[in-house]
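The primary structure of each chain is shown beneath.
Protein chains: 2
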Amino acid sequence: MTATTSAEVSTPDALEADVHAAAARARVAARALALLTTARKDDALHAAADAVLASADAILAANSEDLALAEASGTPPSQLDRLRLTPDRVDGIAAGLRQVASLPDPVGELLEGRTLPNGLEIRQLAVPLGVVGMIYEARPNVTVDAFGLTLKSGNAVLLRGSSSAARSNAALVGVLRAALSALDLPADAVQLLSSEDRATVTHLIRARGLVDVVIPRGGAGLISAVVRDATVPTIETGVGNCHVYVHASADLDMAERILLNAKTRRVSVCNAAETVLIDAAVADVAVPRLVQALSDNGVRVHGDLPGLVPATENDWADEYLSDDIALAVVDGLDAAVAHIDRYGTGHTEAIVASDLAATRAFSARVDAAAVMVNASTAFTDGEQFGFGAEIGISTQKLHARGPMGLRELTSTKWIVQGDGHIRPA
Amino acid sequence: MTATTSAEVSTPDALEADVHAAAARARVAARALALLTTARKDDALHAAADAVLASADAILAANSEDLALAEASGTPPSQLDRLRLTPDRVDGIAAGLRQVASLPDPVGELLEGRTLPNGLEIRQLAVPLGVVGMIYEARPNVTVDAFGLTLKSGNAVLLRGSSSAARSNAALVGVLRAALSALDLPADAVQLLSSEDRATVTHLIRARGLVDVVIPRGGAGLISAVVRDATVPTIETGVGNCHVYVHASADLDMAERILLNAKTRRVSVCNAAETVLIDAAVADVAVPRLVQALSDNGVRVHGDLPGLVPATENDWADEYLSDDIALAVVDGLDAAVAHIDRYGTGHTEAIVASDLAATRAFSARVDAAAVMVNASTAFTDGEQFGFGAEIGISTQKLHARGPMGLRELTSTKWIVQGDGHIRPA
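From first to last, the protein sequence lines stand for chains D and S.
Quick note: the first sequence uses my numbering, first residue 3, plus one each step.
Quick note: the second sequence uses my numbering, first residue 3, plus one each step.
The hints are simulated quantities; they were obtained by calculation from the structure and are not laboratory data.
Using N, Cα and C, we set each Cβ at its ideal position, and we do this for glycine too.
Some clues are possibly wrong.
Claimed, not checked - Below, a sample of chain S positions facing chain D; criterion: calculated Cβ distance under 7 Å:
| no. | residue |
| --- | --- |
| 1 | ARG86 |
| 2 | PHE389 |
| 3 | GLY420 |
As the list claims (entries may be wrong) - The following residues of chain S were derived to be distant from chain D, with all beta-carbon distances above 12 Å:
| no. | residue |
| --- | --- |
| 4 | ALA36 |
| 5 | LEU69 |
| 6 | ASN120 |
| 7 | ALA172 |
| 8 | SER183 |
| 9 | GLY221 |
| 10 | GLU238 |
| 11 | ILE260 |
| 12 | ASN273 |
| 13 | VAL287 |
| 14 | PRO312 |
| 15 | GLY388 |
| 16 | GLN398 |
Next up, chain D with everything else stripped away, as it sits in the complex:
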């Protein structure tokens, strides 16, 4: 590594060194954060909320610059909306920080403990993970949400947002860091990595030993790239190819209500329904009715039946995240479970049925983070589950599965106390 001045363009090695240096500073900050009392952390969250409100004008001005650039480069309106901050949204960001302050502190919780027959006292406590890397796309509110949740759980965070939100994120992180410094807390608890170069992502996810976990939030492409190339442990989030299975015993009024809610409430979210599976036993009545209801609500229905948009393999496998849904007729519960086994992403799978044996079998056999019985897939959400806030929805089986709140941002530590105990040979 040769020294570079700030006037020079960063070489690849210099970029890696920058990320590693940020991670090293984050580790130092994390050691301090791990020991903070709940009161100190909550004070910091309220101070950060105050600072966000006090700096609203500057934050909105930075956001306007991001928006102008995005508009000039032809960004579609839905993405502009995700990027846009308004006075109301800034209020919401500050309120989110206060909400996290109101939640119980997950750190230090006694998870297990006993006195062993030899008199050793063992206790398992929740401790912070350490340094958390977040990789995410346009919404600037994620910047502050991630800060709030990681700070409350005693972690330092390295943020790698999208370049389209670079000015908004820089303004927000600047405010958060100043708020921490004003309370004599380490500003390096939150750092924004450069979004100019994709290589920042690579260096972050390969900073093993410096970063304890990376959480990618975004599209399937981002998540699979991170998971493939990371050496740091990752938590896969948010790809949801969710199914609604209408069992032979379903109340079709209920099925229609749940299906429409699951598909049309918000089409761009990971818990939206992407495929409806209709039991052959009720297909004659259910298919025309549900196709009509979907069409009436502006949804294009893809499938192998006459009158539908012809389906390819991708229709079954991918998330549409749009006003589209795939529809298949399946020959009973076994076939529904087999279809979900093949195409599901392990996020949320729903059954509509009045038969108890069917709902029990579906719940037991479907392999997913969440199974909905006579309820919309839209309920898979940290706030809906009562966690108060959510850092993402895990679709992997290790560490956390489903909505992740503060507890999922902790690890554990065993403390063993003796009075000179040695272990027999």
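Since the structure of chain D is provided, determine the placement of chain S on it from the hints.
The following block gives chain S in isolation, referenced to the frame of chain D:
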């Protein structure tokens, strides 16, 4: 992929296809295992124990072949001992299976649950991980231990043992598979991958979507290679550069007893002490005494002090796993924690002290799976902790940290029950 007959040498692609086919069979088996009652699983474990005993002669004969080959190729005696099975050890293997049968079933445990304000009932249940890959070194008993623990937790297992134990492992797995088949359970719950080619490991750790987790057990080289190249989530295990810190307030009799136990009880295990840190405040008395005690017990002491084997950076960073220890004098608790932060592997760190503030500070600040206060590092062990059995000791922070028992071989699933609930916009 071109078809190959069994007479042809496997091409790299064919080897990958073999591993993937085994994983696909394991997934089918895992779906069935996930639904078994505890009684069925326990019956299978007892049947497997009976079968191991009934086939003891064949197992010992296969092991003799492995031993003869290993001896002929100049394997050192300590490794031969790890490979060797005896009638007593076969009895121990069978007893281990019965022990696992006696443990509570982790699957189906209700971890959390509540009724939400809207009337939705949410429950979080423990469920199997699915397909577990185990990569391990010589000891053939690990083959059966891993089978027992994964079966009890409802998982299928893909075993990749060392080539030196290939015949022993094949004999054991053959016995286990036959025992399952005799009970109409899927034999593919346990499969032995070929140990002839190192590429099997690569294919296993990159079979994302087919394998749910890989647990490497072995030396630091194996574990870091697996962690670096894996796309399947992994649990890092067992590298323990453990420290014993002798605080200024330590009872030196106790310190000596704990240090000797932690270093000399068994030098090849991950919870053995590799460095002793002595507080400068008591160095004058403690250093000569502890060096003498170590030397008297056949331990070579490395360090920067006169009379010790001169230390290099590796002495502080690496596990000896031998009759060696590094010794450093540190300037108080801060310096001890800083040394451990720099060189520790997050396994087990011990303090010997009578001062309560010192033990509290050390416990809170050291970042490790286990902290021992006035107790030997040797206690970090699933059986010692009362788990009944252990699949490994995790040194990572995600999913599991410290000794892993049956519970750590499970994931979770949310079951949400409503009566037509939809989520408001």
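* Against the structure, test the hints numbered earlier, and report the numbers of the ones violated in rising order. => 1, 2, 4, 6, 10, 11, 12, 15 and 16
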